[in-house]
Each structure stands twice: as structure tokens, then as C-alpha cells.
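Trainee: The listed protein sequences derive, respectively, from chains A and B.
Counting from 7, one number per residue, gives the positions in the first sequence under the numbering used here.
Counting from 7, one number per residue, gives the positions in the second sequence under the numbering used here.
Among these hints, one or two may not hold up.
No copy is singled out in the list; a pair is fine if it fits within one copy or between any two copies.
Stated by the list, open to error - The list that follows gives simulated cross-link-like pairs (lysine to aspartate or glutamate, DMTMM-like), each with its CA atoms no further than 20 Å apart:
1) K84 x E143
2) K84 x E144
3) K26 x D55
4) K174 x E192
Keep in mind that the hints were calculated from the coordinates and are not lab data.
Just so you know, these numbers come straight off a predicted model, no measurement behind them.
Below are the chains, spelled out letter by letter.
Number of protein chains: 2
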Amino acid sequence: MEERLQNYKLLIQYEGTRYKGWQSQEGTEQTIQGKLTRILERMTGKPVDLKGAGRTDAGVHARGQVAHVRLGTEQSPKEIRDYLNRYLPEDIAVLEVTAVDERFHSRLHAVRKTYVYRIWNRQIPNVFLRRFAAHVEEPLDVEAMRRAAGNLKGTHDFLSFCTRRKIKKSTVRTVEEILIEELEGEIRLTFTGDGFLYHMVRILVGTLVEVGLHQREPEEMEEIFAAKSRDRAGRLMPGRGLILWNVEYPQGPQEI
Amino acid sequence: MEERLQNYKLLIQYEGTRYKGWQSQEGTEQTIQGKLTRILERMTGKPVDLKGAGRTDAGVHARGQVAHVRLGTEQSPKEIRDYLNRYLPEDIAVLEVTAVDERFHSRLHAVRKTYVYRIWNRQIPNVFLRRFAAHVEEPLDVEAMRRAAGNLKGTHDFLSFCTRRKIKKSTVRTVEEILIEELEGEIRLTFTGDGFLYHMVRILVGTLVEVGLHQREPEEMEEIFAAKSRDRAGRLMPGRGLILWNVEYPQGPQEI
Numbered sequence: 007m008e009e010r011l012q013n014y015k016l017l018i019q020y021e022g023t024r025y026k027g028w029q030s031q032e033g034t035e036q037t038i039q040g041k042l043t044r045i046l047e048r049m050t051g052k053p054v055d056l057k058g059a060g061r062t063d064a065g066v067h068a069r070g071q072v073a074h075v076r077l078g079t080e081q082s083p084k085e086i087r088d089y090l091n092r093y094l095p096e097d098i099a100v101l102e103v104t105a106v107d108e109r110f111h112s113r114l115h116a117v118r119k120t121y122v123y124r125i126w127n128r129q130i131p132n133v134f135l136r137r138f139a140a141h142v143e144e145p146l147d148v149e150a151m152r153r154a155a156g157n158l159k160g161t162h163d164f165l166s167f168c169t170r171r172k173i174k175k176s177t178v179r180t181v182e183e184i185l186i187e188e189l190e191g192e193i194r195l196t197f198t199g200d201g202f203l204y205h206m207v208r209i210l211v212g213t214l215v216e217v218g219l220h221q222r223e224p225e226e227m228e229e230i231f232a233a234k235s236r237d238r239a240g241r242l243m244p245g246r247g248l249i250l251w252n253v254e255y256p257q258g259p260q261e262i
Numbered sequence: 007m008e009e010r011l012q013n014y015k016l017l018i019q020y021e022g023t024r025y026k027g028w029q030s031q032e033g034t035e036q037t038i039q040g041k042l043t044r045i046l047e048r049m050t051g052k053p054v055d056l057k058g059a060g061r062t063d064a065g066v067h068a069r070g071q072v073a074h075v076r077l078g079t080e081q082s083p084k085e086i087r088d089y090l091n092r093y094l095p096e097d098i099a100v101l102e103v104t105a106v107d108e109r110f111h112s113r114l115h116a117v118r119k120t121y122v123y124r125i126w127n128r129q130i131p132n133v134f135l136r137r138f139a140a141h142v143e144e145p146l147d148v149e150a151m152r153r154a155a156g157n158l159k160g161t162h163d164f165l166s167f168c169t170r171r172k173i174k175k176s177t178v179r180t181v182e183e184i185l186i187e188e189l190e191g192e193i194r195l196t197f198t199g200d201g202f203l204y205h206m207v208r209i210l211v212g213t214l215v216e217v218g219l220h221q222r223e224p225e226e227m228e229e230i231f232a233a234k235s236r237d238r239a240g241r242l243m244p245g246r247g248l249i250l251w252n253v254e255y256p257q258g259p260q261e262i
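Model the full assembly from the supplied sequences, consistent with the hints where possible.
Mentor: Pasting the structure below:
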């Protein structure tokens, strides 16, 4: 008799510093997905296939990563959550486990994602943010960055703003919002959109930083889009400043 | 001819996680004071005597530790600061170096210190705060804690709230303010006073946590003061939740 598998949605938080990212090409490396998978396999005694909504890179953090996985277990969602947290290292935590419709897919059904990028913008480094922010020593012109961000928002072909991985897939995305906040010594950029290409947030931030340093004009953004060439956009910012903030799904009878 | 020594005030920030504290009894251990001293001795080629305003314990952090040191050097204060930051590990940073009057003493002249203690108060741990906050899983009654804090404020003999180190010194201190804030999932306690005894903030927080868990009454504080016995106060909270926030000095012609 075949065991009935239940689909579960997981809400996951991690500090990415020690990891090669959510998932890596080589199976032997230390990844967040790998850590979670091994514990779930030990719990159920079966191979499991855990899929995440966003493949965060090495050093990138998540406040609200979402994943889904089908499991055959007698345990309640809360018991699964507590089992995971008991065996996970202290830089990964599972905040919620929810039983969901068998068709729920964390990546394909995501309608909106929010990423936050933090920049420490004083000459002297901040010892408390060194794992969570990029350090830019020279003062950034935030008003110029906001003007450039206005030109990056909307629906565009973001080919120039990504590192190509797969050929022939569409590189058109909609960035609904780019919020740039000035905190005490920190500049925090929040990106909300329907999806982000490989390295896209980090290259958008790198381009905005070059605007903030007056190495580029806010009006250049249109030319960069038109060029459809990675070489025209700005630098790739380090992974440690990036946080997958949350992933949104349509309202509906997902949870059962 | 004797070299003229100039007195300098240093403003220092550190994450205490990897250290045995600001200073330790055994000279061989890893301390913040030791790291700074070795770099200053390399810079000047002479032994230096660096003194801090507060001796933070193992794991305790500082946002604004102050120290003073007499140095014979041709370098400007800014050059001294940059030299230190070039050789310091990334969990220690010197924010400011100021030339001060030769009589300035970072500990003896401090008139007010502020410490912050952070508690993560949700069942699931917060991966981002694990080095910077204590974790209390059960929800705390913040209103009861505020009532108890009101009874702890003021000028008292805090003997019951410290671990005794030196005998016969006065244990009377004035705690001007205890602010308890509720943030998202976090409870943050800010203590301002003229001075704090060994372990005093961590024991005050432990006592307030026991009030917040309804293991003690806010009205008990007077009895604890009167008992003059460490056994009557609450638990010692872990060092990682504590931050030396800042140290204040009287207005005056300190800086030259």
C-alpha cells in the first residue's frame, strides 16, 4: 500500500554567512536546503525533495524564505517544526510549518518577493553589521539614487542587470517598488517585484551605488536597459548585504 | 631627554562574542584591551597602559566603550585611529581618537553610563539576534517588569544585585533610568546610572525577567535590597545580551 504524502509549506529564517547558499550545484557543499533535507530524511526515513521559493547565494540571508516538501509522517505541523528546530544549527530556524494543498509550489506560485539590501555608509566599519551589510566608505548621494531608482522601477527587460545562467528564458520582470531609506549611518534599499533574476538585486544596488558616488547619472538607466548587456550595468555588490525579506502568495485555499 | 607623552581618549566599538571580555585576570587570554594594547605598542615601540571606562565581561558588546592611553607619537589623532583600524580584527573598531588633558581618566571621570540588554521573547529563536540577545521563550509580562523597574530605580545599596569581587568598597549606586521597550518580538532594557557593580545589569535583568514570568512580585524589590544578599536577587543573564551603550563625561575643557 502506498503511503499518502502530505504537502507542507515551511517559513524559514537563516543567516547565510556560513553557507554556500540555499542550494548549490555540487551536492557535497554546505547549503541551507541540504541541512533541512537531511533532518527531514532522518525524521521520515525516506528521501525528501525540498524546494525553495528563491535560491539565495552564498552569504545571503533570509528573514522569510518559503519552501515546500511532501512528507509521509504522523507528526503534526508544529511537531515537524519543533523537530527541525531541535536539530538545526543555530543560524537556521523554521518559523512555521503549515499543511497545504498538494498542488502548492513555493517557487511557481509566488506572486511577489521582497529583498532588502543594507549598506553601512560611514568611513569606520560597523562591527555589528559586518555580516549583514556591505560597507561603502564614501558618502552616497541618496537623492540621486532615488531618482535612478525611479527609472529602474516598472516592467523592463532586466537582461543587463543579471548574470546569465539559463539561455532563452524571459528576462522581463516587474519591479513594483524600490524604497531607499536613510537610517543612522545606514542606507537600506527595499526591492519588491514579481521575480528577480540571478544576481539582479545585487547588480541593481551596485548600479545605484555608482549613481550615489556620482560615477553615473540617474538618467543613464534607460540606456543600460536598451544595451541588453551586463557590462553596461554597475558592480555586483557582496552577498552579505542581501536579505530575502518575504515571499507572497495569492489569497486562496492553499492552507488546508 | 624624556619624551613627552600625550593623553588620548578612544571611543571603541566591539562585538564581544570571541573575547574573554575587555580585560582578564590572566594575561594570556584574548581580550579587547589586549588587542588594542598590542597594536599601540607596535605603533609606538613602547609599552602602553590602556585603561577602559567599564570592564565588560566575556561575550558582552560595546557600542561606545571609552578608554584613555598616554602615547609618545608624532601621529595625529586621526592617524592613530586609522592605524588601529588597519590592524584590528573586524569585530573591534575605533570610532574616534581625541587628544585630551593629561589628567583625563576614562573610568574615574565617567559621570554616567548606559547599558542596553536585549531579550528575544518569542518561542522560536531569532537567528539574527543569537549573538546579541538572550532568548526567553515564555512571554514576559512587560507591565509587571516596568512596575518592578520603578522600584529598582534610584539610589540604593545594590549589594544584593552584584557578584562580590572586592570587599569594603561602597556598593551604593544611583540608577537614574530603566527604560523597557517592546519591539517586534524583542524586549529591550536600557539602564542609565552613575556606575554599575560587577554583574549588576545582568542580575537586575534576571530579576526583572523573573517578575515578567510571574515567579516574583514587583513589590519584592525592597526586600531584596534590605536582605543585602546575592541569593535573594534573580538569575544572572547571559553576557551576549548586554551592550555598553555609552559613557558620559562632564562638560569641560577635557579635549585640547
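Trainee: Does each hint fit the structure? Answer for all of them.
Mentor: Cross-check of the supplied hints:
In this assembly of identical chains, K84 and E143 lie within 20 Å of each other by CA distance solely across copies; the values are 16 Å between and 45 Å within a copy. With identical chains, the CA atoms of K84 and E144 are at most 20 Å apart between copies only, with a shortest distance of 17 Å across copies and 48 Å within one. Proximity of K26 and D55 under a CA criterion of 20 Å is satisfied intra-copy only: 19 Å inside one chain copy versus 43 Å between copies. When the C-alpha separation of K174 and E192 is checked against a cutoff of 20 Å, the pair qualifies neither within a copy, at 38 Å, nor between copies, at 46 Å.
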